[in-house]
Amino acid sequence: MYKKMFEIRRFEEKVFELYAQNLVPGTIHLYAGEEAIAVGVCSNLRKDDYITSTHRGHGHCIAKGAELKRIMAEILGKKTGYCKGKGGSMHIADFNVGMLGATAVVGAGLPIAVGAGLSIKLRGTDNVVACFFGDGASNQGTFHEAINMAAIWKLPVIFVCENNVYAMGTRQSTVMLVENIADRAIAYGIPGVAVDGNNVLTVYEAAQKAVERARTGQGPTLIECKTYRHKGHSRIDPAKYRPKEEVEEWLRKDPIKRFKEKLLQPNTLLETEIRQIEKEVLTKIEEAVKFAIESPHPFAEEALEDVYA
Amino acid sequence: MRKITYKEALREALREEMRRDPTVFLLGEDIGRYWGGAFKVTKGLVEEFGDERVRDTPISESAIIGAAVGAAITGTRPVAEIMFGDLTALAMDQIANQAAKIHYMFGGQVKVPLVIRTPFGAGVNIAAHHSQSLEAWFMHVPGLYVAVPSTPYDAKGLLKTAIRGSNPVFFCEHKLLYPMEGAVPEDEYTVPFGVADVKRKGSDVTIVATLYMVHEALSVAKGLEAEGISVEVVDPRTLAPLDKHTIISSVKKTGRLVVVSEDCKTAGVSAEIAATVAEEAIDYLDAPIKRVAEPDTPIPFSPPLEQYVIPNEKSIIKAVREIA
Ligand SMILES: Cc1ncc(C[n+]2csc(CCOP(=O)(O)OP(=O)(O)O)c2C)c(N)n1
Ligand SMILES: [Mg+2]
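Residue numbers (this note's numbering), protein chains in the order written: chain A, 1 to 309; chain B, 310 to 633.
If we strip away everything but chain B, and leave its shape as in the complex, we get (with noise of 0.2 Å):
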């Protein structure tokens, strides 16, 4: 099968649906005619597209957001991109009061189908405001699904997902992860929300990881295996909905879980999948769960500071070691 990148996979989906759907538009800041996005995914796409659909915007978050939301209410399917993910801070009203709720609050009356697209994720010195994984914040919202891709396959395939849908999907994009090739057939498919894929099959322990986390998680596994430790990866793909099937029944099997997320310790990703296996399964468990997460600070900017605080294969090797 023919190999495309991330950011490519990304730019594929973008290109397709638009083509299928005048509906669907993009809008953005710096995401059209002059930069193509500050990661570049969406370059190309003006030139076929124009500028009223390839839209780019003042540097006004908020007001991205709550047009997208009133374009998406109004008959439209906007895909909105924030450029850098901590920057969804300064859309959190549009984002989590907004889209989130209006089609509850109104008793179901008006759907509200838009894409948030945006990058989070530490390891290119960018500090404090430019690299915190945030996925915990958008799960934590109900009327929002949650989408985190850690292959090109998976970029490609769950952005169709959520441009088709019927409802405001926060889609969490990484930025290590844009280069990144893989695998992606040329004909039409799209990857259903709330299906975990299991990138790796063993038999002693379950990591269940996402985002760049999972390519960690895979090479550890496959380090491992010289030792004799047979480690099963789990990629949730949507935070919401949260696949517990496929990530109960890897832990049934292997009784032993490793849970590993970028995003703080606290309250975050691996808190929550964590709760959910102790709170259905914990009788098949044969060892403590053990959460490889981020400590509890912002992304500092030193490359020794910053390396410090990101999970890498050193960490999860050592929590696999504690149980297994």
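The shape of chain A in the complex, shown without the other chains (with noise of 0.2 Å):
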């Protein structure tokens, strides 16, 4: 789970840098600082299993197992990315890997994994779907659609809010007066859990019962995940509505920094051990940069393929 947390860092550092050096194309919504929840629940999940994401989606992609280099590729809109350079950012999929796809619609992600999970069930497999979304996403009427129609039916989905306060500049405060969006769980008659996503064990733990459930055939639960934003909403976003000191608490609640400090006490991951994971973690991005700007762009005529099945 370390490495995968270091992983998204790192990719979303390099994705930023790659940006302010105009191999980017339009914006980016950049993953840092809520790690610890794609990776803590995607951790609990097979890879037939599903997930949907949002426009903040690149370490969903990572942590569901998706390739680094076709990631990458696609954010610089090459032919090679994902989605042939028709998606870019906000809009990757990797239906190998169950990754059905990031909408930037939001709220949008919702209907669509309740629509995953009435699937299984009519299939008759026992897999199961995690749904992200934010807390912004929360406030839209397709949470309160599809949360009822999987808890109706039982269905297998894991809806995980990931609450980083902020919806683009507005606080979550301001635009609902429950505290706990998990308490919202009780108007659908499913559990909703309240956790702090910058610990990966205890979104690990939460998921774990979660997707246990949800296999088990006894429904869906909504589990918030507390976290924060490192950067701005999008690139161009330099946050000033944020108070310096909520910001400075947050960093220090960084959770790979957290992770990394447990890993380090007695008995567990040596030093060595973790400064071996980086390497690699750093060589596997360097290649996955060095593919996306060596491939090429699309031919501008594919504009027009695609459009019919």
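No lab work stands behind these hints, which were simulated from the structure alone. All values derive from a computational prediction rather than experimental measurement. The C-beta atom is built at its ideal place from N, Cα and C for all residues, glycine as well. Warning: the hint list may mix true and false statements.
To give an idea of the interface, some chain B residues facing chain A are shown, with a C-beta separation under 8 Å as derived from the structure [unchecked claim]:
| # | residue |
| --- | --- |
| 1 | 365 |
| 2 | 617 |
| 3 | 621 |
Dock the two chains into a complex; use the hints.
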């Protein structure tokens, strides 16, 4: 899990760097600071389980096992990317690892996850779906419609709310009066738990229970993971609306730093092992960057392909 | 005359109308205190008018328009912002079934004076969920007016008319136009709906264009002048109501028509305008009507793909040459 978290962090830092060099078209929404959630949840999933993702989705892709180089190529708009350059940062999918795609319409992933859960049930397999979405997304009508539907049909869906306190510049407390989004689970008659989203072990345990519940046909769970994004909402956002003390407090709770400290306690991973892991990750990321930069852009006419199957 | 940007012109219209009429208020995601709108159109307004009248909302598009409808039929004049045009799809029931039909359906008992502002347009590499041009969807809904301003002058004047009117107005903006400067008088003025503007006079070919495409058409017209082709550029400014008269008069003079629009070609804005001219002025045409529009695809992400699908000067020139 440490390896995956570190991989996401370095990957995002690299994307940020490439953006500054004008190699990334459009915008980017970085996952840095929230790694424990994707990793803690996806570590409970099998390859043939599903996830749905959001505009802030690089971390979900990586945690679910998508290839770094094809993610990076997509972010750079290259032909070798997962979507042949048609999707970009906000729309990456890898159906080979059950990553059903990121949507840039906030809250639109929830009903899709429910559909995947329904199909699992209809097909009689024992797969599950983890559905990632933000605090902001939980104010969409789709949140209500989707969770209720999953609840009444006891679908194998784990609703994972990544509550990073803000939706762009909008603070959670200004758009909802409940403190815990998890409390909303009561309205649907399903379990709701709020956990420290910057502690990968806590997230892992909560997800483990929810996955177990889902796999054994007992229905969905709503897990709210309290977290914080290290950067602004998107590349251009200096995030001036966040008080300095708040940012500092959360930076102290950096999920990777905390996990590393834990691992370095006696009887766990040795420092040299960690260094080795980090080295491997850095090499892999360099390879991904090289692959993405050297890959060709799609031919312009390819824009006309794939409209119909 | 002083020059201001399209974005500033919109903001001025909002500010002046909010000062003039205390029932005018704004609502939308991140339009207020902390962000000032995704494209900063409403920046600074919360300081003057407060959080009640420059109202940040949850991310609930359907509820934003629904709330605007409810407010509009009970004595206020809401101006709702949907952050990106594509996301109007989430509010479609409220726009097309509620806002647009209430007046008719209830036998004219109530007016629905509301404005929905939203940016369309591709060209900034933000892919399929944030780039499409969907003017034609709304043109197809009876009960809605559809404004498509291409300059700061038109943006301000049309927005004022929209806010003062008695009907729901779908107000299309364009991402690439926000920073564009243009002359805007300091004195009070409005631009009426249903009155096209001839942005450039010419005698050989008529180009009807909207939003950002007006500027592409103007620059084509300038280039072709050197070759002795005189192009007239007509900007309808509102698609509903559509000023057929000005378009047809221009075609009667030139005998040739190219329609340029950034939305998809099939059942798009260009289809409607071409059909109107074919129906009402075919005898005046000396050549087939040409349409320059996006091919029928979602907007792709990668720059070479995206640039390929957006109409540009080259594709417009090609169309003009085919008939001139
Ligand atoms: C339906 C919809 N409305 C608005 C937007 C614009 N938008 C993009 S991200 C975002 C904030 C999302 O906040 P949250 O769900 O908390 O996710 P976070 O960015 O914090 O991870 C907004 C408003 C959008 N993409 N889709
Ligand atoms: Mg958030």
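Results of checking the hints against the structure:
no.: 1; hint: 365; result: 6 Å, holds
no.: 2; hint: 617; result: 4 Å, holds
no.: 3; hint: 621; result: 12 Å, violated
Checked against the numbered hints above, the structure breaks only hint 3 and satisfies the rest.
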